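Residue numbering for the sequence shown follows the numbering used here, beginning at 1 and increasing consecutively.
Note that these hints are calculated values from the structure, not bench results.
Any given hint might turn out to be false.
Derived BS3-like pairs: lysine-lysine, alpha-carbon spacing no greater than 25 Å straight-line [claimed, not checked]: (1) K51 to K41; (2) K50 to K31; (3) K21 to K31; (4) K21 to K44; (5) K51 to K37; (6) K50 to K37; (7) K41 to K31.
None of the values given here were measured: they were computed from a predicted structure.
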Amino acid sequence: MVEIEEKLMNNHQRYVECNEKTVAGHLTFRKANSVCKINVKASKSMQALKKESTQ
Numbered sequence: 001m002v003e004i005e006e007k008l009m010n011n012h013q014r015y016v017e018c019n020e021k022t023v024a025g026h027l028t029f030r031k032a033n034s035v036c037k038i039n040v041k042a043s044k045s046m047q048a049l050k051k052e053s054t055q
């Protein structure tokens, strides 16, 4: 019974480590993505301002 518990602990630890990596990956991806979206919004609003000022 003790051996099984040890195995489960090892598996759990490995799973947690793997999960932390994927979560970190998702977070960095989402951060980059949101920055990209903000830039697109900013450039669109700048274009709108330029159009208004030229008219």
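These are the hints, each one checked on the structure:
1. K51 to K41: Roughly 15 Å separates the two Cα atoms, so the pair holds.
2. K50 to K31: At roughly 29 Å apart (the allowed maximum being 25 Å), K31 and K50 break the hint.
3. K21 to K31: 15 Å, holds
4. K21 to K44: 35 Å, violated
5. K51 to K37: 21 Å, holds
6. K50 to K37: 20 Å, holds
7. K41 to K31: Roughly 15 Å between the alpha carbons, so the hint for K41 and K31 holds.
The structure fails hints 2 and 4 (numbered hints given earlier, in ascending order).
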